[in-house]
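Undergrad: Sequences listed follow chains F and Y, in order.
Just so we're aligned: the first sequence equals residues 0 to 344 in numbering that gives the first Met the number 0.
Just so we're aligned: the second sequence equals residues 0 to 277 in numbering that gives the first Met the number 0.
Just so you know, these hints were derived from the structure itself, not from any lab.
Among the hints, a few may not be true.
What the hints assert, rightly or not - Not everything, but these chain F residues come out facing chain Y in the computed CB check (under 7 Å):
1. T43
2. T45
3. F46
4. D116
5. G123
6. H126
7. D128
8. I145
9. I149
10. R175
11. L177
12. I251
13. E253
14. V263
15. L310
16. G311
To be verified - Using C-beta positions, here's what the derived DEER-type ranges look like:
17. L210(F) / V213(Y): 51 to 59 Å
18. V213(Y) / T170(F): 49 to 57 Å
19. L185(Y) / P66(F): 37 to 45 Å
20. E41(F) / E174(Y): 51 to 59 Å
21. E144(F) / T52(Y): 56 to 64 Å
Given the structure is predicted, the values throughout are model-derived calculations rather than measurements.
Glycine included, every Cβ here is placed at the ideal spot set by N, Cα and C.
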Amino acid sequence: MNKLLIYFLLFTIGLAQSCSKDDDDTEPDLTYTFVKPENFPEPTYTFDNNPVTQEGFELGRRIFFDPLLSIDNSVSCGNCHNQAVAFSDPQHTLSIGVDGKVGIRNAPALANMAFMDEFFWDGGVTHLDFVPLNAIEADFEMGEEIANVIDKLNNHSEYPQLFKEAFDVDTINTPRLLHALSQYTAMMVSATSRYDKYIRNEGEELTEDELAGLQLFETKCSSCHEGALFTDQSYRNNGLDETFDDRGRATITELESDEGKFKVPSLRNVAITDPYMHDGRFFTLEQVLNHYSEGVWESATLDEELRGDQLGIPLTETEKAQIIAFLNTLTDTDFTRDPKFINPR
Amino acid sequence: MRNLLTLALLVSILSFSSCGDDKTPSDTPGSLTLSFDNIVGDNQVILAEEGITEYPHTTLGQQDFNIVLLRYYVSQVTLEGSNGVAYVDPLAVGPDPDDVEGIYLVTERQTVSHNIEIANIPAGTYSKISFLIGVDSTGIQEGAAGGILDPAADAWFWNWNAGYVALGIEGQAPEATGDPAARTMLPDNPNSFGYHVGGWKDVPGSMFVYNNKVVTFNLSEQLTIGNGSNPTANITLDVQKLIEGIDFAEASALHSPLAGSPVSENIPNAFELESIEQ
């Protein structure tokens with residue numbers, strides 16, 4: 000029995016070797032393959048249920064930029080998520096939906112969603128597939144009913160064929176729509192910033208100021224903006240207000256102890272994803288660091304990390320400048336210019 | 000999430016083999032049909048339409064009302080033998096309607112949905128039937144799903160606090176003050192009420208309100224399934240008990256886990272096993 004197994008293994012190894020021989024001079028094309036960067040944690044996305052293919056990814060990309068998702072065909076995902084600025088919205092503090100309706104929060108940058116446990120500023124959604132439903136059906140975003148979107152897609156001149164090619168289905172339904180969008184968004188991996196290349200020893204050097212900033216960041220910021228994702232994915236009140244118009248995490252947990260808490264955002268590409276905070280109240284990183292250094296408000300749910308001898312995180316002007324220098328190394332232009340994400344039309 | 004699925008599969012495999020041990024090899028599996036009948040006290044539910052101001056039903060608190068819609072998910076149907084061995088109806092979700100297994104939707108308006116057949120149950124005798132009202136984490140954390148879990152089709156799904164609504168009841172009552180978020184009512188209907196019971200996060204150490212509820216029936220007589228025996232369990236849901244303690248004037252719109260928990264707490268006692276047809 001054991002012998003048989005060994006023969007079998009030898010056989011398979013032989014097969015694998017003979018395969019790779021043919022491809023010796025060509026690297027495999029990983030454009031449409033999800034690849035976990037070596038300095039990243041394991042992904043959370045359920046790729047087993049929705050494997051990425053070129054057809055599925057391109058379909059998701061087309062839908063992402065299609066205003067058909069909205070009630071009056073005016074708003075697409077791309078309206079508030081612009082690739083040039085890491086899929087954030089540089090124009091608006093609160094995002095703008097159909098009929099010029101003003102949203103309740105700032106549209107976050109998109110990157111590395113395949114590694115996240117929960118989504119949105121309040122973490123109300125626990126799986127990437129379900130993220131678009133919020134945007135499609137909220138009356139201040141796309142204002143459309145998902146059933147109408149599915150009807151529009153099924154009656155479209157091109158989409159039925161594209162879904163057929165991507166998923167081999169004759170009828171479009173919600174999970175196929177959501178799977179296509181997830182294939183596009185799960186592939187948004189930002190891991191080729193100067194910082195990443197430095198940390199993976201890929202020949203990149205950081206300047207003295209950037210290195211000093213990194214060291215400061217590690218002692219003063221990384222307890223929340225932790226690890227390769229630059230977020231510990233927790234919900235915290237960072238002292239923006241004394242009272243809360245937006246309950247934040249408490250909307251989901253319905254707990255007083257979560258009033259005014261919001262998800263710690265990733266800081267990847269942070270230098271280009273202004274405005275900042277859940278309501279977009281700050282326009283520069285200087286304003287953000289001034290807030291942490293001098294502007295933190297007391298309240299019952301204020302984060303313990305911001306309660307020291309004095310409120311907030313005391314920083315000198317030099318330290319602020321060095322931290323900002325470091326934060327700039329998280330900008331990933333390979334990601335913001337990656338042609339595979341670009342709206343083809 | 001995946002662990003749960005694996006566990007359920009393991010349990011079912013285990014029960015297959017252990018049940019088989021003390022039976023002859025010719026044992027054939029059987030089925031159990033759960034037949035749900037929705038009632039209000041001594042009466043059948045009479046479905047109304049929106050705007051109808053006749054109120055054929057009365058709460059235990061003596062408030063009149065009618066019912067326009069009543070629906071709930073049933074999942075994790077479990078049979079336990081007297082030796083403690085359990086058969087758990089395997090659960091799976093996927094993008095095609097047929098991919099969804101082990102999760103069922105009972106809606107008052109669709110008679111065909113009232114009967115749920117659990118097939119391929121290992122032959123044996125069982126002393127306990129239980130099921131969950133709602134869809135637990137496995138049904139959500141595997142991602143977007145079709146059929147009765149497709150929000151463009153039959154599913155009720157909370158986008159903002161993502162998950163499936165375990166149970167929903169909507170209707171009208173003179174004392175109700177209107178529910179702008181009811182699915183089957185116009186937003187300005189002054190007498191509508193809508194109770195959407197959701198909240199599936201049962202995370203150790205977290206404080207989420209968990210509203211999916213297990214309904215358990217301990218059987219007075221052993222239930223024989225398999226080898227040609229395919230019984231039916233006749234189960235009632237009594238809406239009087241389901242909304243016991245709720246005053247329409249104080250609660251017309253229940254749309255969050257916390258708000259829905261008084262209805263959720265009533266679920267285990269609102270279902271009753273009336274009879275078993277062997």
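Undergrad: What are the numbers of the hints the structure violates, in ascending order?
TA: 1, 3, 4, 14, 15, 16, 18, 19 and 21
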